[in-house]
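Kindly generate the complete structure, drawing on both the sequences and the hints.
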Amino acid sequence: MTISETIQAEELARWIDGDRDQLPNAECTVALWAMRPDLAPNPRVTLDDVLSRVTSGPFFEATEGVEESLEDDFVEAVFAQARHSFQSKVSLNDILTRVESGPFAKYESEGVSPTNLETDSPSANNNRWWGSPILAGGLAVALVLFILIPTQFKSTVSDDSIFATSFEMEEPVPAAEVDANVVSKQSKSFGGSAKSDVKRPKTLKQETINMPRGLDAPAKVIESDKSESLKKSMEISPASEAEEPPLQAQITETTTIVGGGMNSLDVESAPFDIEAYDLNGGKDFAGADLFSGEDIADTKEGLEEYEAEVGNIAQDERAEIEDESIEVSAESTNGTIDSVSIDSVAERSAPRSKRQKKSKGFLSKRMDSAGDRLVEPSVMGQSEEDSTSTLLPSVLTIEQQLLVRQATNAPSVFALCDTRQPTQALDILWTASRTLPTSDAITVLKQSSSYDHGDTRYLKRNLLRLSSLLFQIGQEEEGVNYQQQASSLP
Amino acid sequence: MHFTLEQEREMILALQKGDKQAAAWLYETFNDVLFRKVILSRLPYIDKAEDVLCETFRIALEKISTYTLIDRSIFFWLRRIAINLIVDTYRKQVRKRELAERILARDAVDMVMGSKSTTADDVLVKVEEEEDTKDMVHKALGKLNPRYAKALRMRLLEDQSREDCAESFGITVGNFDVLFHRASKAFRDNYPP
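Those protein sequences? They're chains A and B, same order as listed.
Here our numbering is used: the first residue of the first sequence is 1055, the next is one more, and so on.
Here our numbering is used: the first residue of the second sequence is 18, the next is one more, and so on.
Simulated from the structure, these hints should not be mistaken for laboratory data.
Take these hints with a grain of salt, some might be off.
To be verified - Straight-line C-alpha distance at most 27 Å; calculated DSS-like pairs for lysine-lysine: (1) B:Lys80 with B:Lys109; (2) B:Lys80 with B:Lys34; (3) B:Lys109 with B:Lys160; (4) B:Lys167 with A:Lys1500; (5) B:Lys156 with B:Lys167; (6) B:Lys156 with A:Lys1500; (7) B:Lys160 with A:Lys1500.
Stated by the list, open to error - Reference listing, derived: stretches of chain A covered by chain B, where coverage requires no fewer than 3 residues with Cβ under 8 Å from a Cβ of chain B: (8) 1064-1070; (9) 1091-1100; (10) 1103-1110; (11) 1505-1519.
Said to hold, decoys possible - Residues of chain A clear of chain B, computed beta-carbon distances all greater than 12 Å: (12) Arg1152; (13) Ala1196; (14) Leu1197; (15) Thr1497; (16) Glu1530.
Using N, Cα and C, we set each Cβ at its ideal position, and we do this for glycine too.
Next comes the structure, spelled out in structure tokens:
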């Protein structure tokens, strides 16, 4: 029962009792007008309104003459004047006799009668702009631009494409180098699955960068060698690169330079280099899980949130949770890349929110430690009744809940209900229905209609539960009836 | 006002000649009964009901020359026009097309069964229309939660006071008001049946 509902109910009651300054809420008037049409206000329609709408018959007063209509409507009068003047001057035959070319020119010689022309003459509008081929072409161009402009005309160019820029014939490579390349490719393919998860910029072949000695690392290393122009655009000064945010990528890049002959892929699978460049400062494990996309900072943050929600966690439990997180990151950097990447891919493919991803490590803990307090997600949302029941807070105290649970039959439940506290009574009935056998539960829930002046949400919940119980025992007709009653509630 | 069929006939002849006084007579005599007992009971929304009323008389005045004098009041002709317009109104709403068909079917039954009323007096004083409306109301109440139906019956049909109703339900007057308010809302979803 909301405040606005109480106010509306009171207004309606007063209106029926004679205080009729304002019409009651439109939702309630149907009952009033249907049962008490005498209470309805008089129709605001007058005979003049009716007569003004009449367009034919003995009561239709046709407007005669332009002068008379001028007083009523100037615009209408102007059009009427135009019609009058148009009718008297030029006939269609006059026009056609002057036509010297085009499809209508033949009529001049044939001497077509005006009556024939009325039926056969085509539309006077020969300027059919929509038939123009220019328009079709224009539309096609507009469509193409509409598609291309948002993409800024960029598209991936495959190596096989004629638009690929490197056409130069490669010099023959010695057999030893070929073997080395094969090994390199194998290592690439080994790390490939893990690499796909890492967010990092493209790496440029080291020889293409004119990097001064003594400078630690270029902030961005670009691999692509498709075209010179692309290279130019991708060569970014260290100062500007410092603004580039992805931490993980920066770690990788730094390592690339330190490793000398190593390429970025080799370094990614080597844990020592990553740990050597601890850019997060102060956190021992800030090297992060490069492959799952989570870092320990997130894990810690989640742990703190979990503590805030559930309360203090035992020291050993906390350590266990931290260990679990660290173990995952360590595994992912220590070479079990394939398994980790599969996990991370699976995680990413699951439709979960960012928040859920962050606190992933704790969800299972939460369910274990606070199992009684939390409702399992699989149970939630099974049906409308369940969702309603989960959302509604109990209005009963713990003592009352205990009393309700101790009730073993319907009369003992009814004894706990009070019509002066209808919402509480509805909650009692619902709580009792969860512990009683089905037949008793149905009896109890049917009593809900006695408390329909309580909160409609609680009433709806009870009716939904009642209908579902009735469906369970095969009384579908009655179940549908209660379901309809529930659905009519807000 | 008392009208015999003969008096009505004279008025109709005057109407067919375009007599505005006769039009005023027609409107003043039948607008209220049409509005409250025919239109509003089937289309209980004031604005729409007023539209239908206006259109009913517009059509009647436009087509009055086609009206054939019979041994019944012109009210039944007006009623038929009004019901057709109500059906049209419901047919415009996809969700209420079935309702439109039910109204039409019910009216067809009335026509087949025939009406005892013949004169305008019969229509204005007694009231088959009220019987029809009561029938529809009781059907709609039958579909409601029994407590809601009881609240509506007591308060609107039996015209009992809030206090009496609240006492009968064993609840406070405030709670009864809320109960009645909800009952009115629930009624809207089931009416016309």
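Of the hints given before, which are not true for this structure?
none
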